[in-house]
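*Asks:* Taken in order, these protein sequences are the chains called A and B. Counting from 1, position 82 in the first sequence corresponds to residue 82 in my numbering; the numbering is continuous, with no gaps. Counting from 1, position 111 in the second sequence corresponds to residue 1111 in my numbering; the numbering is continuous, with no gaps.
No lab work stands behind these hints, which were simulated from the structure alone. Ideal Cβ positions, reconstructed from N, Cα and C, are used throughout, including at glycine. Each hint should be verified, as a subset may be incorrect.
[What the hints assert, rightly or not] Here are the simulated distance ranges between beta carbons:
{"#": "1", "chain 1": "A", "residue 1": "S5", "chain 2": "B", "residue 2": "P1031", "range": "53 to 61 Å"}
{"#": "2", "chain 1": "B", "residue 1": "N1325", "chain 2": "A", "residue 2": "G36", "range": "21 to 29 Å"}
{"#": "3", "chain 1": "A", "residue 1": "T86", "chain 2": "B", "residue 2": "L1027", "range": "51 to 59 Å"}
{"#": "4", "chain 1": "A", "residue 1": "H51", "chain 2": "B", "residue 2": "R1021", "range": "57 to 65 Å"}
So the chains spell out like this:
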Amino acid sequence: MNFPSNLKYTSQHEWILVNGTSAKIGITDFAQSELGDVVYVELAPVGKKVHAGESLGTIEAVKTVAELFAPVSGEVIGLNDAMKNTPEILNKDPYGEGWMVQLRITDVKELESLMDADAYKKLVGQ
Amino acid sequence: MPFFPNTDEDRREMLKQIGARGLDDLLTNIPASIRLRDGLALPKALSEMEVLKELQGLASQNQGAEAVVSFLGGGAYDHFIPAAVSAILSRSEFYTAYTPYQAEVSQGTLQAIYEYQSMICSLTGMDAANASMYDGGSAVAEAALLAVRHTDRKELVIAGKVHPRHLEIVRTYTQGWEVSFRQVPLREGRTDLAALKKIVMDKTAAVLVQQPNFYGCLEDVDEIGKIAQEAGALFIVSVDPISLGLLAPPGSYGADVVVGEGQSLGIPLSFGGPYLGIFALKDFLIRKIPGRLSGITVDSDGKRGFTLTLQTREQHIRREKATSNICTNQGLMMLAACVYLSLMGKEGIPEVARLCLLKSHYLAQEIAKIPGFRLKWDQPFFKEFVVELSKSPSTILERLSKKGVLGGIDISQYDRGVEGLLIAVTEKRTREEMDRLVMELKAV
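Kindly generate the complete structure, drawing on both the sequences and the hints.
*Replies:* Given below as structure tokens:
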């Protein structure tokens, strides 16, 4: 199981890759393996503003639906088009091509409360 | 699999196994003070013969459609039901089948649902149909909920005369939702288009129209659809499925959601139910469709099979985020519609529709000749029309009823201040029956 060290993590199994004031968000390798085959993804539209912990969309697997939560507050400035027609990319490449939402961060300080790779690894018992 | 109840011996063994002395031992966590002590106060048990007599006595107070000549409409109609429908419905494989969550043992049910869904799509011109709702009214309500969720708008515009009972159900379903309703006034028995244009705006979630409308009149659905589309609202059409044998399918004039009452498709009147809710929509809304969907697929051996699909919309998976809490369908009635549609086919349904159209127009024409009677509105209609009369409809209806004729519906019960008699004519009404009604109306 993969836990890239350059990412930050949430207890709800999202990862965030910060790049200045914007960031890319997705779900972890652990999350995708728990979900099983992803069949459909629905994401908040570009322009939507969220607080940390609010929903950015839903991820549908065959037997369950999971929510994607915003690790930090911000505004949606980009969506991964691949989610529309090839949602299975979440299973194949959760940290790379399987990124989901691009967010403009409104409060950089919120990043400090997120976990690093080791802490997240411990959380999921790996 | 046959059902075997537990014997006293079984119960003794089970109690012994868990170390209980008697059934009372299993109830010790219910306080003794509230436990029933003296048994239920039921009357003495009757024999099979006595029960039959009592129930037959009650049943004989009902009047079936075969005992009267019915011109009643208003959402439920006396259409002919071929014997094949009950012959297939009463087969125990269908009659006792459980809900098809386990695909491997439910292929018959799932295939029937798939065929039904396909025929509804064909009939309505829509991309997808579900396995059915309980009835037309709840289908309309679910369509309204879908529109509010999809558009994120709060206003429902009712174009013209939609079935009042259906609207009541919509209000029930939207309780606590902060949804508002705008009723577009009628002009000569159908939607006032000028008024509709003014009412529909960017806060309209959906425009709902019934075709034919509750008074039987044909609405200008092309125009109504355009107005809805221009405002970015969903266009919901509630249909009479038999009328689609002649009228353009709603899919061809821009409907986003099609709903309707399927009772006309091989389902008896049964004093109001069970009936059948038709629900179909365009592809872009498929993830928001309520109820269940049967899909076609292949099994691990590559053989064709059927299964429930897109279940992640449903409540047992999505819980409070589900778009509907219906986790069932009207299985047996759906099967009746399935048998009826496939038996009547692409020639039979238009034939039934044609007979309804011709007969209702004959009767309307003859009634209009009677002094003191006139058609309330000069509008195209399908199988129902409203007659204005010089006397009160209730006295006329009572006199007719005593002669075994159910003459129609007094519409003032639905619309205070609107007088008239709503008369429906199906393919079952003969010329003799219609002429007789005319004769009785003349004599009033």
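*Asks:* Does each hint fit the structure? Answer for all of them.
*Replies:* For each hint, the structure was consulted:
1. A:S5 with B:P1031: 53 to 61 Å: Distance hint for S5 of chain A, P1031 of chain B holds at roughly 59 Å.
2. B:N1325 with A:G36: 21 to 29 Å: The hinted range 21 to 29 Å holds for N1325 of chain B and G36 of chain A, with Cβ atoms some 25 Å apart.
3. A:T86 with B:L1027: 51 to 59 Å: 57 Å, holds
4. A:H51 with B:R1021: 57 to 65 Å: The hint (57 to 65 Å, Cβ to Cβ) holds, given that H51 of chain A and R1021 of chain B are roughly 59 Å apart.
Checked against the numbered hints listed earlier, the structure breaks none of them; every hint is satisfied.
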